[in-house]
Amino acid sequence: MRGAMALAGLALTVAAFNAAAEDAGQIKTAQGRVEIVRGGQHIAAVPGAYVRQSDSIVTGKDGTVGVTLADNSRLSIGPNTVMSLDKYAFDTTTYKGRMDASLKKGTMVVISGKLVKQTPGSMRIHTPASIMGVRGTKFIVHVGEPAS
Amino acid sequence: MGAMLCTLLFTAYVVFGGPARPVMEETVVVLPGENGHIGGVVVQRGSQKVVLDTAYASSHLGLDGQLKSSHASPEQVQKEFGKTVAALPAPPAKFILYFVTGGDQLTEESKARLKDVLAEIRERPIPDVLLIGHTDTVGGTKSNDVLSRQRAERVREILLQAGIKVRRIVVTGRGERDLMVPTGNDVQEARNRGVEINVR
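These protein sequence lines map, in sequence, to chains P and D. My numbering puts the first residue of the first sequence at 1, with every later residue one more than the last. My numbering puts the first residue of the second sequence at 149, with every later residue one more than the last.
Any given hint could turn out to be false.
[To be verified] Here are some chain D residues pointing at chain P (derived, C-beta under 10 Å):
#, residue
1, Leu211
2, Gly213
3, Leu236
4, Met328
5, Val329
6, Ala338
[What the hints assert, rightly or not] What follows is a set of in silico ranges between Cβ atoms, one per label pair, in the way DEER data are often shown:
#, chain 1, residue 1, chain 2, residue 2, range
7, D, Ser221, P, Arg52, 29 to 39 Å
8, D, Pro330, P, Thr119, 13 to 23 Å
9, P, Lys96, D, Ser221, 32 to 42 Å
10, P, Gly40, D, Thr331, 50 to 60 Å
11, P, Glu22, D, Ala238, 18 to 28 Å
12, P, Val37, D, Val335, 47 to 57 Å
13, P, Gly40, D, Gly184, 37 to 47 Å
[Claimed, not checked] Covered stretches of chain D (in silico footprint by chain P; criterion: 3 or more residues with CB under 8 Å from a CB of chain P, positions within the stretch not fixed):
#, segment
14, 180-194
15, 263-276
Just so you know, these hints were derived from the structure itself, not from any lab. The beta carbon of each residue, even a glycine, is placed where N, CA and C say it ideally should be.
For reference, chain D alone in the conformation it holds in the complex (with noise of 0.2 Å):
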């Protein structure tokens, strides 16, 4: 009697207590990375996880409700989402410009590689440009943050006055909690004092 209840309680459970099943059929593709770099998707249902962290690793969930591993061809990908991969945005461009010691005068060699800034913002159909400021580890980590974005907001009026027009800039200051090259602290490092640009 006991046995009858404990197995009835089971196939209540497999069938009822587990997430409901679903209505449409589910497809994950991991694709090569830009850079080369994949850190992978987690695809979880309930207590059913994939991890994919290769390239064209994919995930299935059938209408039975299995979540199962397997492996996309490029030509599938191609043929199934091409035209949804092909309205991916261009990745955004990015440039570093440096500045001299402890100011907001951009080197020599950078006021020589402001052109190439402007020919992309000047590509880009409809551009948005993203400025971050960054310091070296000389000095305190509230003036840092106060330069780094001093630094970005002059990159900000070079542009406009070079006559660019877009629609938005967004104007942000890292101080020295992101160094471009990393050193210890109270360390002048010429390579530290930048503002990337990304233009997007």
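Chain P with its partners taken away, still in its complex shape (with noise of 0.2 Å):
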């Protein structure tokens, strides 16, 4: 019994050390309501509130929101969004990594950093229709609402 409540102690340390190891990037701007998904829990978007990978981020349409990621690309997503950070992984030593994310619908905006700076490539951007491979630049994707 002892044992299994000292290795659950362990498991929990080793949680809570993952936690911060796996924080993909963090908001720096935030207008209007902006939330994070994050398991199926809403958590407010606040500066200084980090973002994981699986996370996603949901916008009504007053709001605004600006993430810097590790290896320094930004985004920035606008009103009526919702864009998920399917994956990030950024090795700050080799700098090696991939990121995924997928536009559902609304606007953002992609600078692109230290991992496609590495890797041209790395970084790709899903929409409900199309992927774009980004080789390196500033650009804005845009899926506009469903016809009715």
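Two independent chains are provided; combine them into the complex using the hints.
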């Protein structure tokens, strides 16, 4: 029993340690209604909050948010937008890794960073109907409202 | 009969074979790069592909499923996407502090530069700091990895001693794999013995 508790304690410590290492980026600007959706939970996306792999960011009609990622890539997300950071990995020693984000609807602006500079094409943005491979640049992606 | 079947199959492929028709229109616009460099974006939908590698080059995917390249104007971008562009975080500020040979002591010049780094950190609303240590090519790759990290750690200590309040400082060492000034192996180069500081 004591062994099991010690093991649980260890698992908790490891989880807490990993949580810090998992942070993919940090919210630097936020206006209006912006939420991070993490495992079904809605977290207020205030400046200073961290963004992790598998998080979604959802904005209301007055919402905008700006995120700086670990590799110096920067993103901003406009009003009425749903974006998910499906995959983010960046090795600070080798600069290798990859990023996959999905823009379900709305607008995002991307400025690629060290990841793409090291490996062009290692960042991909997915939309409902296409894929953007990033060779290194600043660009806008917009997915309109469904035709009614 | 065979010809009719062929036509039928071909029509079926065109109508049903390609990717399903999009439900929403999609637009991509490349903006002028901050340092003038544009590496570009490749937009792909099934077998259709558009390469955008100049400022304001744009692609548009219509509800008919056709991906077309076009050109946007700065005014149009400002009007439609200005609010989103304005939400981008400020670019990282970059500094390099240099060390005396083989050790973890800053050069006199870099000690003076430190106050600019501190000012930049204090100016940012939500600062976080990335410290990337480098070495020259004297010594082995492994020992240089260790040395570069030590240098970055040393800068971390210096920043903390100066009383900065930062929620996160990420410390890393690139050793000799990312020379700031290219040299051959075993070359003493003061400009490669630096720690790059990104204030974000």
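Evaluated hints:
no., hint, verdict
1, Leu211, "holds, 6 Å"
2, Gly213, "holds, 8 Å"
3, Leu236, "holds, 4 Å"
4, Met328, "violated, 14 Å"
5, Val329, "violated, 18 Å"
6, Ala338, "violated, 23 Å"
7, D:Ser221 to P:Arg52: 29 to 39 Å, "holds, 37 Å"
8, D:Pro330 to P:Thr119: 13 to 23 Å, "holds, 20 Å"
9, P:Lys96 to D:Ser221: 32 to 42 Å, "holds, 38 Å"
10, P:Gly40 to D:Thr331: 50 to 60 Å, "holds, 53 Å"
11, P:Glu22 to D:Ala238: 18 to 28 Å, "holds, 24 Å"
12, P:Val37 to D:Val335: 47 to 57 Å, "holds, 51 Å"
13, P:Gly40 to D:Gly184: 37 to 47 Å, "holds, 44 Å"
14, 180-194, "holds (count 12)"
15, 263-276, "holds (count 3)"
Figure legend: structure checked against the earlier numbered hints; hints not met, in rising order: 4, 5 and 6.
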